[in-house]
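Peer 1: As a plain string of letters, each chain reads:
Protein chains: 2
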Amino acid sequence: MATKTKVTINDIARIAGVSKRTVSRVINGSPLVGESTRARIEQAIAEHNFQPDKQARGLASKRSYLLGLVYDNPDALYIDQVQRAVLDVCANLGFELVVHPCHWSEDNFIDDCLTFISRSNVDGVLILPPVSESKTLAQALREAEHPYVRIASADLDDPQNIVISNEREAMADIVDHLLKLGHRDVAMITGPQEFFSSRERLEGFTESARNKGLNIPEQWLLEGGNSYESGIECAKQLLSGEQLPSAIFANNDEMAAGILRVANDLNIKIPEQLSVVGFDDNLFASRVIPSLTTMRRPVDKLATLATQKLIRAIQSEASSTGIETVVKPYLIERESSAQCKRTT
Amino acid sequence: MATKTKVTINDIARIAGVSKRTVSRVINGSPLVGESTRARIEQAIAEHNFQPDKQARGLASKRSYLLGLVYDNPDALYIDQVQRAVLDVCANLGFELVVHPCHWSEDNFIDDCLTFISRSNVDGVLILPPVSESKTLAQALREAEHPYVRIASADLDDPQNIVISNEREAMADIVDHLLKLGHRDVAMITGPQEFFSSRERLEGFTESARNKGLNIPEQWLLEGGNSYESGIECAKQLLSGEQLPSAIFANNDEMAAGILRVANDLNIKIPEQLSVVGFDDNLFASRVIPSLTTMRRPVDKLATLATQKLIRAIQSEASSTGIETVVKPYLIERESSAQCKRTT
DNA sequence: TTGTAAGCGTTATCAT
DNA sequence: ATGATAACGCTTACAA
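Chains as they are written, first to last, in the UniProt record's numbering: chain A, 1 to 344; chain B, 1 to 344.
Worth double-checking, as some hints may not be accurate.
[Unchecked claim] List of simulated lysine to any residue pairs, SDA-like, C-alpha gap at most 20 angstroms: (1) Lys20(A) / His48(A); (2) Lys20(B) / Ala76(B); (3) Lys6(A) / Asp111(B); (4) Lys301(A) / Ile323(A); (5) Lys62(B) / Arg63(A); (6) Lys236(A) / Pro290(B); (7) Lys269(A) / Ala60(B); (8) Lys62(B) / Arg142(B); (9) Lys236(B) / Lys269(B); (10) Lys62(A) / Ala60(B); (11) Lys301(B) / Asp155(B); (12) Lys135(A) / Glu169(A); (13) Lys6(A) / Arg57(B); (14) Lys236(A) / Ser286(B); (15) Lys62(B) / Ile9(A); (16) Lys301(A) / Ala76(B); (17) Lys328(A) / Gln81(A); (18) Lys301(A) / Pro101(B).
[Said to hold, decoys possible] Covered stretches of chain A (in silico footprint by chain B; criterion: 3 or more residues with CB under 8 angstroms from a CB of chain B, positions within the stretch not fixed): (19) 75–86; (20) 90–102; (21) 114–128; (22) 260–274; (23) 297–308.
[Unchecked claim] A partial selection of chain A residues facing chain B, derived with a Cβ cut-off under 7 angstroms: (24) Ala56; (25) Tyr228; (26) Ala257; (27) Phe284.
The hints are simulated quantities; they were obtained by calculation from the structure and are not laboratory data.
Where a beta carbon is used, it is the ideal one built from N, C-alpha and C, also for glycine.
All chains should be modelled from the sequences, with the hints used to inform the complete structure.
Peer 2: The structure is reproduced here in structure tokens:
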């Protein structure tokens, strides 16, 4: 099956009785090749299972056919989903994926990323949230003329450099869901306000609520750290006061899981006494007891679009017009939210 | 800060007033360089922030400084943990990581992996379970002379090609734990018996139990598919019979979570009426209610060791002797297991 | 200890 | 439409 000695462009040229340059033309789909010549070359390529060497190609053409994936996300499930979607696109277009987790809070973070890019020679990078929110990084990449695409939750860049999940709208959907269930005493555990996306969700949520006549009191807006532990902290505060909310929306499923834990310990029944809504549709959102009503971001779609955009940019074909930029999350209703039983 | 035009080995040579060859020697740590010459060159390198081009280096030396990570594991958390550990080692040694999820059940799987390796030009591959159990793949890699290291749960290969988590011993520990708690009616939900590791765990468990005078009846040994859903299936069977076990060990945390769900629906209290033990220490093992007693594999350690072995093999320095091969999982006791209240 | 020159497998320039 | 020939940035015989 597998040919033993590596077959090169020279072999193909010799076999097809043409020059190396012509074979190169065929490989790269140049139109300047005669019909029969092309056929002969293509056959030789197929017959000998020839695959152009990426290193050599890269050296000569200044292109590595490597894409970088830059992230600093504690959510492994999210990363994995993205990776698979990206690789799907890559596989078809002959690219490989090099991963680079980083620490966006450390101050050498920009340099770290730039070093990664130059060391690994990636042709472009995909940037996941929350790193994708870094204005500084985007700027640095632009200056260094490294192609990049950010996956983010708000309109932070030119369309060719970003794909967005519209979380404002998503927040409105959650508010609607809660109102429809009759909840009037609603609390929210927000994400760290240093993140743009967290602010976006907080504003989106409160604003939508206000527009619909639902006011959320100050003490029911708590800032969590997006971790399970911080979810527990905040839930304890919310559930130990005089006045209990009848529903809590958490900025992510991790924290929502924390609420479940506290409610359990406090013997508060979910969803009978308290509705909980999360965000992400983490793998365990469906496994937790009770299972979690949550917002699902169409992660694979975002990743797919982003990759397509990036590769187009790299190949600088007719710029990435035609590739969507915005996708919308949607609500998954499960056990943790139900009709409000409270009679005010 | 960042130099604009790319600085090459020629620039450094010119600046240091030596030949390119000598610079190359310094880059590659050859001892055959004069003290002062080396100093001069090193300074030039540092001053101009020179980094040898990986592509060119690869082309000339037949080495890409790329490592491949091959896996087909539904457990994203595991993958992520491995990736981070691997990258830690890579970063220090100047390698990058290219990821390749695959489908080990499809029959072109071997070819798919070989194609990946030749297309991406990786210098070697790390293989995660369950793919790491494939004898065929290992053989193919050996024949093609591709360096590889497998991460597995049993002694399937030469020490330089594998790192192992000793699961036989781990099983014994679980049996001890259960016996210590007074359980005599113990059931197990095994993994798919097509996997070596599943068989290993099944045998390890039953054998250790038998040795300690605990017999596990046939009908309490159920084969699951390692998924949450299959955990539910099996748990339903186990918990709807006449005779109920007082403890269930599941081959992984996913399935253990399934048991929790079924027990909840059947109003069986955990751990009062039923103890549950999982395997993996998945992220949500600690988040689920009740939290899960489980076996933790020292994933990062395994990954670190594997990467070190692989890179040594690639650089064919004094073969990987001195790098450990076996590490041991350890039990994490949480809420889901407790003293058996049953009076036989 | 250092240098010269010949590749590595492609793409790019410029002819023809 | 096709082909010499020179890059690309580095390593490696082979000299000196």
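Peer 1: Indicate, hint by hint, whether the structure satisfies it.
Peer 2: Each hint, compared with the structure:
no. : hint                  : result
1   : Lys20(A) / His48(A)   : holds (16 angstroms)
2   : Lys20(B) / Ala76(B)   : violated (46 angstroms)
3   : Lys6(A) / Asp111(B)   : holds (16 angstroms)
4   : Lys301(A) / Ile323(A) : holds (11 angstroms)
5   : Lys62(B) / Arg63(A)   : holds (18 angstroms)
6   : Lys236(A) / Pro290(B) : holds (18 angstroms)
7   : Lys269(A) / Ala60(B)  : violated (67 angstroms)
8   : Lys62(B) / Arg142(B)  : holds (18 angstroms)
9   : Lys236(B) / Lys269(B) : holds (15 angstroms)
10  : Lys62(A) / Ala60(B)   : holds (16 angstroms)
11  : Lys301(B) / Asp155(B) : holds (17 angstroms)
12  : Lys135(A) / Glu169(A) : violated (23 angstroms)
13  : Lys6(A) / Arg57(B)    : holds (18 angstroms)
14  : Lys236(A) / Ser286(B) : holds (18 angstroms)
15  : Lys62(B) / Ile9(A)    : holds (17 angstroms)
16  : Lys301(A) / Ala76(B)  : holds (18 angstroms)
17  : Lys328(A) / Gln81(A)  : holds (17 angstroms)
18  : Lys301(A) / Pro101(B) : holds (18 angstroms)
19  : 75–86                 : holds (count 7)
20  : 90–102                : holds (count 7)
21  : 114–128               : holds (count 5)
22  : 260–274               : holds (count 3)
23  : 297–308               : violated (count 0)
24  : Ala56                 : holds (5 angstroms)
25  : Tyr228                : holds (6 angstroms)
26  : Ala257                : holds (5 angstroms)
27  : Phe284                : holds (4 angstroms)
Checked against the numbered hints given earlier, the structure breaks hints 2, 7, 12 and 23 and satisfies all the rest.
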